[in-house]
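Asker: Top to bottom, those sequences are chains E and F.
Numbering follows the numbering used here, in which position 331 of the first sequence is assigned residue number 1767; successive positions increment by one, without gaps.
Numbering follows the numbering used here, in which position 176 of the second sequence is assigned residue number 1612; successive positions increment by one, without gaps.
Hints may be right or wrong, so weigh each one.
The list cannot tell twin chains apart, which means a pair is met if one copy fits it or any two copies do.
Said to hold, decoys possible - Below, computed lysine-lysine pairings styled on BS3-like, alpha-carbon distance capped at 30 Å: (1) Lys1625 to Lys1518; (2) Lys1698 to Lys1712; (3) Lys1466 to Lys1710; (4) Lys1639 to Lys1625; (5) Lys1517 to Lys1628; (6) Lys1530 to Lys1518; (7) Lys1604 to Lys1590; (8) Lys1517 to Lys1631; (9) Lys1517 to Lys1625; (10) Lys1573 to Lys1639; (11) Lys1712 to Lys1466.
Keep in mind the hints are simulated off the structure, nothing from the lab.
Protein chains: 2
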Amino acid sequence: MSQYVIALDAMGGDHAPEAIVEGALRALRKYADIDILLAGPEERLKAMVAGAQDVRERIGILNATQVIEMDESPMLAVRTKKDSSMVVAMNAVKEGRSAAAVSAGSTGAVLACGMFRVGRIPGVERPALAPVLPGLKNRFMLIDSGANVDCQPKYLLQFGLMGSVYMKNVLDVEQPRVGLVNIGSEAEKGNKLTKETYALMEKQTGYAFAGNCEARDVFTGDYDVVVADGFDGNVILKHTEGLANVLFSMLREEMMGSLRTKIGAALAKPAFRKIKRRMDYNTVGGAPLLGVNGAVVKAHGSSGAEAIENAIAQARRMVEGDVVGKIRSGLSSLCEE
Amino acid sequence: MSQYVIALDAMGGDHAPEAIVEGALRALRKYADIDILLAGPEERLKAMVAGAQDVRERIGILNATQVIEMDESPMLAVRTKKDSSMVVAMNAVKEGRSAAAVSAGSTGAVLACGMFRVGRIPGVERPALAPVLPGLKNRFMLIDSGANVDCQPKYLLQFGLMGSVYMKNVLDVEQPRVGLVNIGSEAEKGNKLTKETYALMEKQTGYAFAGNCEARDVFTGDYDVVVADGFDGNVILKHTEGLANVLFSMLREEMMGSLRTKIGAALAKPAFRKIKRRMDYNTVGGAPLLGVNGAVVKAHGSSGAEAIENAIAQARRMVEGDVVGKIRSGLSSLCEE
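Model the full structure from these sequences, guided by the hints.
Answerer: Here you go:
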């Protein structure tokens, strides 16, 4: 048995199971120290990996006869579809057979599975979904990006710790700067939630609080961890996606306006392609669900094999860096009663 | 005396008083039906307009010896600097000497002046700052963009009405579609505030509620009025500014990467310039402060003469369209209690 065992929901995502299995094979070839447990219909998965003789012995199959669909009620699905590929993969973490789980299935279901199958790290108020995004100067983590609305200050206080532990131990940022999303830079700015959170973050000693992060500075890269209530985080995430599309649509429209700019657009195409790649989810991997008792990574629903490979690599690094253990031990430094 | 009298804070903004006075002269030349009351140091302003003989007689001067600076505490400044150009301009509205006031001064001070000098329309819970922004298909209003944090559902309910009245009577949108910023399109999505607001908006008959507006659709132009808590609205506004800068910086970086893309960038320059202009505050004017008992427009701090001219035109349209009266009479259709 290898050093790291990672459970993979083979049936989650738009391109399952083909892209998922292909991503698993790629990851196995790249990382000699991992084993992968594929959760899904046994016979079908067996047939899919039969040809991969070089890594076949490092693949385990966890039979699962059901699939959680994208449009199902997450809570209900997780409760009733006990034999779904996602639940089976998460159970492997719960039961200690794997240290990590990766799924490209429904976000809501991954959250529910994380909470109720894998379970929280003792002391964690709320697990948070925390994608790593491409800032101008460097990558940064947005936590929470939508798992928890109506947050309390103590949740946000912990998000700062969880994000800091991740950036330090997975992405090797020496001393992650943690910013609190707010509508002004001064301590007294903001709403009730941010004012109270600011006071708590200032007092703690578990991470480097760098003050309020004005919304205009979220993507500059001046912060390594950007903390927000899940409602605001989700608004930022979705608005980013929407605005980038709108700006590029406007640019396309204006560029088609004259022959000169049309030629310019054709010549500049490689630059546009690079931007697209820079902003692309597939190169970044997935979003970790932090605060649960295992390395759980939610890959994007549209993930191809490359994204799955990256999400597996990310889960592997989370285990290697002992993110779960370090969150657990860091909680005591937050000194909130 | 002309049909519309507009008070102008001659000393507010980065380029005051020169750009402000120049903007006033331009507006007077363009609109024969307005008079302008310039608030500021009498002798200095008199000298500045002395040469404009064609419009001189339509300019009144309200002497004001103080200026509210950008870094002052808004509440304190508005209370203590009774002879400041902003307070004097707002008092003209309060006293019925003008129907509108325009200022490019500190946003916080304009809000405080609107609330405590001009006063609320009876029945309005909270005035809101509501810029009109360039969407992909059409312009839309973002209300509230930062005047009120920790909003209650009934505030947001009224924001929908105020925005709808403005878009209909100032920008001639026949039946403005009002959307509620949320993290999902279904009625049951969101946090406590948006869920309760959704229920209220669905019941009212004062405007066309078009459901939840997911953050990714804010700029598409599918909604004419986008309603949000002031914290979220401000996050959206500032993040838009920040992200646009980051994306264009990334694009510039990538375009400098090769000779081919450099040439492309040079040829495409006019298209970039058009986008910049499309996104530019100066062409749009200012943000109305809706819910106060007069047509109050906050022009951008960096406004040049063109932006001031546009903000005056906007204030004029607000008076012409009787935005204040229509908000007052529309409140009864909200039936919230």
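Asker: Could you run down the list of hints and mark each one as holding or not?
Answerer: Against the structure, the hints:
no., hint, in the structure
1, Lys1625 to Lys1518, "between (47 Å within a copy, 25 Å between copies)"
2, Lys1698 to Lys1712, "both (19 Å within a copy, 18 Å between copies)"
3, Lys1466 to Lys1710, "within (25 Å within a copy, 47 Å between copies)"
4, Lys1639 to Lys1625, "within (17 Å within a copy, 34 Å between copies)"
5, Lys1517 to Lys1628, "between (40 Å within a copy, 29 Å between copies)"
6, Lys1530 to Lys1518, "within (14 Å within a copy, 67 Å between copies)"
7, Lys1604 to Lys1590, "within (22 Å within a copy, 44 Å between copies)"
8, Lys1517 to Lys1631, "between (42 Å within a copy, 28 Å between copies)"
9, Lys1517 to Lys1625, "between (46 Å within a copy, 23 Å between copies)"
10, Lys1573 to Lys1639, "within (28 Å within a copy, 47 Å between copies)"
11, Lys1712 to Lys1466, "within (25 Å within a copy, 45 Å between copies)"
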